[in-house]
Amino acid sequence: MPSFGTLKADTLTHSTAGSLATNFVVHGSAKGFVSFKGTSTVTVHDSQNVSSVTDIDTGRYRPNFTNSMSNDTYSPAGGCFDSGETGSGGHFISLYTDGGSTMATGSLSVSTREHVGGGRNDPTQVNITINGDLA
Amino acid sequence: MSTILVNTLTGTSTAGSIAVTGEGNSTTTNLQQGLAKHFCIFNGTGTVAVDESFNNSSLADNGTGQYAVTFTNNFTNLHLALTGATVGNDEAFTYIATDAAAKTASGTRFRGVDAGGSEQDTDTVDIVSHGDLS
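If you're matching them up, the sequences are chains A and B in order.
According to the working numbering, the first sequence holds residues 438 to 572 in order.
According to the working numbering, the second sequence holds residues 91 to 224 in order.
Just to be clear, a hint being listed does not mean it is correct.
[To be verified] Stretch-level coverage of chain A by chain B, calculated; a stretch enters the list once three of its residues show a Cβ under 8 angstroms from a Cβ in chain B:
hint, stretch
1, 457-468
2, 476-486
3, 531-538
[What the hints assert, rightly or not] Derived DEER-like restraints, expressed as beta-carbon distance ranges:
hint, chain 1, residue 1, chain 2, residue 2, range
4, B, Ser116, A, Thr476, 33 to 43 angstroms
5, A, Gly554, B, Asn97, 25 to 35 angstroms
6, B, Thr102, A, Ala454, 18 to 28 angstroms
7, A, Ser489, B, Thr137, 40 to 50 angstroms
8, B, Asn115, A, Ser489, 50 to 60 angstroms
9, A, Thr510, B, Leu99, 48 to 58 angstroms
Keep in mind the hints are simulated off the structure, nothing from the lab.
Quick caveat: nothing in here was measured; it's all calculated off a predicted structure.
Using N, Cα and C, we set each Cβ at its ideal position, and we do this for glycine too.
Full structure from sequences and hints, please.
As C-alpha cells, then:
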C-alpha cells in the first residue's frame with residue numbers, strides 16, 4: 438500500500454460511489470464544532486478548532502477558535518439539549534452582539550433563550566458547528 | 091496528480107487523522123473531525139419517512155413533534171454536536187431532547203417545538219451530527 442506524506446489532487450474518485458472535487462473537501466468540511474455543558478461551570482465535552490468557551494453571562498457564551506476564520510461571514514449553526522424538560526419548553530440558540538462583535542474571526546457570541554417567554558437561560562448542553570473559510 | 095482513485099483515505103501517522111490545508115493556504119483543518127458523521131432529512135408529518143440519510147439506521151415517531159433516530163455506526167460518546175432546521179408550516183423550531191439520557195452514542199431523541207413552545211410536526215426536518223465515531 439503506498440504511503441504519502443502529502444497528496445495534492447483536485448478530484449477524489451471512489452470505485453463505485455462517484456467522484457468529489459477536493460475543493461468540496463476543503464470548503465465543505467466543518468471548520469469547527471463544540472459540544473459543551475452550559476450550566477454552572479461550562480465544560481467542553483468535545484470540540485474541533487475550539488480552544489475554549491467563555492461563559493459571559495446567563496445564556497451567553499463565546500466559543501473561541503484555535504485557528505481563526507478568514508472573515509466574519511462564516512456560517513454557524515447550533516442547537517440545545519435540556520435535561521429534565523418535559524412537555525413544552527426548551528431553548529433556542531441565536532447570535533448576539535457582544536462588545537460590538539457578533540461573529541469575529543476568532544470567536545463567536547451566542548445566546549441561548551427559553552422558548553416560552555424568551556428569557557436567557559443556561560441549557561444542559563449547547564452544540565455549535567462552524568462552516569466557512571479558514572484564515 | 092489531478093485525480094486520485096481511492097476507496098479509503100487513511101492517515102499515515104494516525105489512521106484516523108488527515109490534515110487538509112485550509113482556504114488561506116496555511117492553516118490545516120482535520121478532515122475526520124470536520125466531516126458530518128450523520129444526517130437525516132425526513133418528513134415529520136403523518137407517517138414519518140426518511141427522504142435522505144447518512145449513517146442513519148432508523149427513524150421513529152414518538153408523538154407529535156417528537157422523533158428519535160439511531161445511528162448505523164455509533165459515536166464514541168453522547169457528546170455529539172447535533173444541529174438542525176425545519177422547513178414548512180411557517181414556524182420556527184429548535185431541537186430539544188426530553189432529557190439528557192435521551193441522547194446517547196447510538197442515537198438521540200429530539201423535538202420540533204414551535205414559537206409558542208408546543209411540539210409540532212413539520213414537513214421537512216433536517217438534522218446533522220458532528221463528533222467522533224467509535
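Checked hints:
| no. | hint | verdict |
| --- | --- | --- |
| 1 | 457-468 | holds (count 6) |
| 2 | 476-486 | holds (count 4) |
| 3 | 531-538 | violated (count 0) |
| 4 | B/Ser116 x A/Thr476: 33 to 43 angstroms | holds (37 angstroms) |
| 5 | A/Gly554 x B/Asn97: 25 to 35 angstroms | violated (52 angstroms) |
| 6 | B/Thr102 x A/Ala454: 18 to 28 angstroms | holds (23 angstroms) |
| 7 | A/Ser489 x B/Thr137: 40 to 50 angstroms | holds (45 angstroms) |
| 8 | B/Asn115 x A/Ser489: 50 to 60 angstroms | violated (26 angstroms) |
| 9 | A/Thr510 x B/Leu99: 48 to 58 angstroms | violated (29 angstroms) |
Of the numbered hints given earlier, the model fails hints 3, 5, 8, 9; all others are met.
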